[in-house]
Amino acid sequence: MQAAIESLVTGYRSGKQYLSVITGASEDLLHIHAGLLIFVLSALILRKKMRSPIPLALVVFFATLNEMVDWYSGAPQAPFEHYIDFANTVFWPAVLFLLARRWR
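Heads up: the sequence shown is residues 1 to 104, going by our numbering.
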């Protein structure tokens, strides 16, 4: 079981690095795009409005899961990098959610 988890984590990290290399985007920019993509696609697929908390909850869930994978892999991190990555992923979906709640 441990070997399977380590294999998944290694594959996931390699995929993230590959995506960064082929797009030329920084990891911070990829976090922003991933958060927006999860937010919009989950709203579309689940047929929820953007003012529904479910798409935002999914963004928070996947951002947390991503940071847990980064922590588990033991990659060297700057002191607050996990918090910055989480904020980059969640910030714009949260703004869109609040704007959608404001203008019904």
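Hints were generated in silico from the structure; no laboratory data involved. Incorrect hints may appear among the rest.
To be verified - Simulated restraints on C-beta separations: (1) T10 - K49: 30 to 40 Å; (2) Q77 - I22: 15 to 25 Å; (3) V21 - R102: 17 to 27 Å.
Said to hold, decoys possible - Quick list of in silico lysine to aspartate or glutamate cross-link-like pairs, DMTMM-like style, CA-CA up to 25 Å: (4) K16 - D85; (5) K16 - E27; (6) K16 - D28; (7) K49 - E6; (8) K48 - E6; (9) K16 - E6; (10) K16 - E67.
Quick caveat, the model's predicted, so the values are computed rather than measured. All C-beta atoms in this analysis are idealised placements derived from N, C-alpha and C, irrespective of residue type, glycine included.
Checked hints:
For the pair T10 and K49, the beta carbons lie near 38 Å from each other, so the given range of 30 to 40 Å is met. In this structure the supplied range 15 to 25 Å holds for Q77 paired with I22, their Cβ-Cβ distance being about 23 Å. At about 39 Å, the CB distance of V21 to R102 disagrees with the hint of 17 to 27 Å. As the CA atoms of K16 and D85 are separated by approximately 13 Å, the hinted pair is consistent with the 25 Å bound.
Of the pairs offered as hints, the one joining K16 and E27 holds, with about 8 Å between alpha carbons and a cut-off of 25 Å not exceeded. As the CA atoms of K16 and D28 are separated by approximately 12 Å, the hinted pair is consistent with the 25 Å bound. For the given pair, K49 sits about 37 Å from E6 by alpha-carbon distance, which is inconsistent with the 25 Å threshold. With a C-alpha separation of about 35 Å, the suggested pair K48 and E6 falls outside the 25 Å cut-off, and the hint is violated.
Simply put, K16 and E6 have alpha-carbon atoms about 15 Å apart, close enough for the 25 Å limit, and the pair holds. Only pairs whose Cα atoms come within 25 Å are accepted, and K16 paired with E67 is accepted, the gap being roughly 13 Å.
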